[in-house]
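Taken in sequence, the protein lines are chains R and W. Every letter in the first sequence is one number past the one before it in the numbering used here, and letter 62, counting from 1, is 62. For any residue, its number in the numbering used here is found by taking its place in the second sequence, counting from 1, and adding 139.
Treat the hints loosely; a few may be bogus.
[Said to hold, decoys possible] Listed next, the stretches of chain W that the computed footprint assigns to chain R, with coverage defined by at least 3 CB atoms under 8 Å from CB atoms of chain R:
hint	stretch
1	388 to 398
2	401 to 407
[What the hints assert, rightly or not] Derived DSS-like pairs: lysine-lysine, alpha-carbon spacing no greater than 30 Å straight-line:
hint	chain 1	residue 1	chain 2	residue 2
3	W	K236	R	K36
4	W	K197	R	K104
5	R	K36	W	K238
6	W	K231	W	K340
7	W	K369	W	K238
8	R	K104	W	K378
9	W	K197	W	K238
10	W	K238	W	K269
11	R	K104	W	K327
12	W	K327	W	K197
13	R	K104	W	K238
These aren't lab readings, by the way, just hints derived from the structure by calculation. Bear in mind that the values here come from a model prediction, so they are computed numbers and not experimental data. Backbone N, C-alpha and C fix where the C-beta goes; we use that ideal spot for every residue, glycine too.
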Amino acid sequence: MRTKIKSGAFMAFISLFFAVPLIAHHGFDTEYDATKKVKLTGVVTKVEWLNPHMRVYIDVTDANGTVSNWNLELTSPNTVRRQGWGPKDLLAGEKVIFEAYAGKVIETRGALAKISKAETPDKPLFVAGGPEQPGFPKQ
Amino acid sequence: MRRCVIAVTVIVLSVTLPAQLQAQLFGTDQVKSVAAGGTPLVADNLVNGPVPRLPDGKPDLTGPWVGGGSNADMEVEGGLKPGELPLLPWAKEVRDKRKTGDEPYTACLPMGVPRVNPYPWKFAMTYTSKGLTQIYLLHETGDAGYHRVVHMDQTKHPDDLLPTWWGHSIGHWEGDTLVIDTVGYNEKFWFDSRGTPHTDKLHTIERWTRINYGTLVNDFTIDDPGTFSKTVHLKFTAKLLRPDLDLMEFICLENNQVGAAGGYVPGTGTSNEIKK
Numbered sequence: 001m002r003t004k005i006k007s008g009a010f011m012a013f014i015s016l017f018f019a020v021p022l023i024a025h026h027g028f029d030t031e032y033d034a035t036k037k038v039k040l041t042g043v044v045t046k047v048e049w050l051n052p053h054m055r056v057y058i059d060v061t062d063a064n065g066t067v068s069n070w071n072l073e074l075t076s077p078n079t080v081r082r083q084g085w086g087p088k089d090l091l092a093g094e095k096v097i098f099e100a101y102a103g104k105v106i107e108t109r110g111a112l113a114k115i116s117k118a119e120t121p122d123k124p125l126f127v128a129g130g131p132e133q134p135g136f137p138k139q
Numbered sequence: 140m141r142r143c144v145i146a147v148t149v150i151v152l153s154v155t156l157p158a159q160l161q162a163q164l165f166g167t168d169q170v171k172s173v174a175a176g177g178t179p180l181v182a183d184n185l186v187n188g189p190v191p192r193l194p195d196g197k198p199d200l201t202g203p204w205v206g207g208g209s210n211a212d213m214e215v216e217g218g219l220k221p222g223e224l225p226l227l228p229w230a231k232e233v234r235d236k237r238k239t240g241d242e243p244y245t246a247c248l249p250m251g252v253p254r255v256n257p258y259p260w261k262f263a264m265t266y267t268s269k270g271l272t273q274i275y276l277l278h279e280t281g282d283a284g285y286h287r288v289v290h291m292d293q294t295k296h297p298d299d300l301l302p303t304w305w306g307h308s309i310g311h312w313e314g315d316t317l318v319i320d321t322v323g324y325n326e327k328f329w330f331d332s333r334g335t336p337h338t339d340k341l342h343t344i345e346r347w348t349r350i351n352y353g354t355l356v357n358d359f360t361i362d363d364p365g366t367f368s369k370t371v372h373l374k375f376t377a378k379l380l381r382p383d384l385d386l387m388e389f390i391c392l393e394n395n396q397v398g399a400a401g402g403y404v405p406g407t408g409t410s411n412e413i414k415k
């Protein structure tokens, strides 16, 4: 089910609005693999509005029926709030499509790059900066 | 070629579209798009406006501001070319050997001077019956140690200082420039995530000038003969936060999971032991 992402014009459009680092509290490369970007669908199990960075947990079921719970890191809750995302905008139980960079050691601990509700895939709820973006800090 | 054209168009649109139009594109009643790490700044058409002033005539430096210091690599961010920072051999060796996973900041320890991150900070003036007695630098994401005190009512540093993360700061005005002189630092914080070190001989001078409504310049001088072969001059620029926003609560240790995905435990810094 996993597919490599091809950067589309829409992604570029959105990304360049927000050409900023995803992981402001620490370096990207120490934890995440820029070459392992995945696109998956799943069901949200938890949204953590906690410091230093928000996290969204998503159950993903593979072709064999095995369920993995992805722990996905965003940026600080304050930053997400300032951009208009509120506590009711993503809830446990909602089906989503997401893109993420996998963790270097624990693959399912990823850096969230983009997430949309399944019924509105062209209206992303969150689009993060990533290592392919201009201005992303090199560590 | 077509992709290039699209990319250029996107860049132009991104730079030129006002915030209001961006809001229309995404809609306020639709699912919202969220920038990550993108702290909203003052609109471009307001940046060059006049510097607001306090009742005493001094420039209002309050902010909040974003930027104005080092973060990933002080040498480059401060305006030097790679290799120009006059590090003594031991300091260069320490910097080269340090790993970003060990930086104290990721373990929710303070950033130190002149470090900033992509989150807002501000000057908070404390006026008392004696006038402007202290200025506090408040960092939303400090991380621990969110405030730093600048003593405006002192002209000398105490001679019995205990080394601390933020040191001891005294300030004064030179015209419209706020000058902050700091000594008494400990050796624990890193200047940047690259691991640029310093010693407890560190002496910094910040010269903060608000050059227009939306821009604050930090002319920064480092004097640390234990680390550098000569005095270092750097220049950083801060941008004003969008005026309707302010600092928010931030408790770094609430749920710090740094390192788990990469299979390491965040460090609390490495010492300068290599020189000894």
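Given the proposed pairing of K104(R) with K327(W), does the C-alpha separation stay at or below 30 Å?
With Cα atoms ~28 Å apart, K104(R) and K327(W) stay inside 30 Å; holds.
With a cut-off of 8 Å between beta carbons, are at least three residues of the stretch 388 to 398 of chain W near chain R?
Coverage by chain R holds here, the residue count being 11 at a Cβ distance below 8 Å.
K36(R) and K238(W) were given as a pair; does the straight-line alpha-carbon distance stay at or below 30 Å?
Roughly 22 Å separates the two Cα atoms, so the pair holds.
Within a Cα-Cα threshold of 30 Å, do K238(W) and K269(W) meet the stated pairing?
Violated, at about 47 Å.
Pair hint K369(W) and K238(W), alpha-carbon separation not exceeding 30 Å:
holds (26 Å)
Hinted pair K104(R) and K378(W), Cα distance within 30 Å
violated (34 Å)
Holds or violated: K197(W) and K238(W), Cα atoms, limit 30 Å.
violated (43 Å)
Sort out whether K340(W) lies within 30 Å of K231(W), counting only the CA atoms.
holds (17 Å)
Hint consistency between K327(W) and K197(W) [alpha-carbon to alpha-carbon, up to 30 Å]
violated (35 Å)
Okay, the stretch 401 to 407 of chain W and chain R, do three or more residues pass the C-beta test at under 8 Å?
Satisfied; 4 residues make the cut.
Agreement of K104(R) and K238(W) with the hint, judged by alpha carbon distance not exceeding 30 Å
holds (16 Å)
Take the C-alpha atoms of K236(W) and K36(R), compute the straight-line distance between them, and say whether it is at most 30 Å.
Given pair K236(W), K36(R) holds - Cα atoms ~27 Å apart, limit 30 Å.
Checked against the numbered hints given earlier, this structure breaks hints 4, 8, 9, 10, 12; the rest are met.
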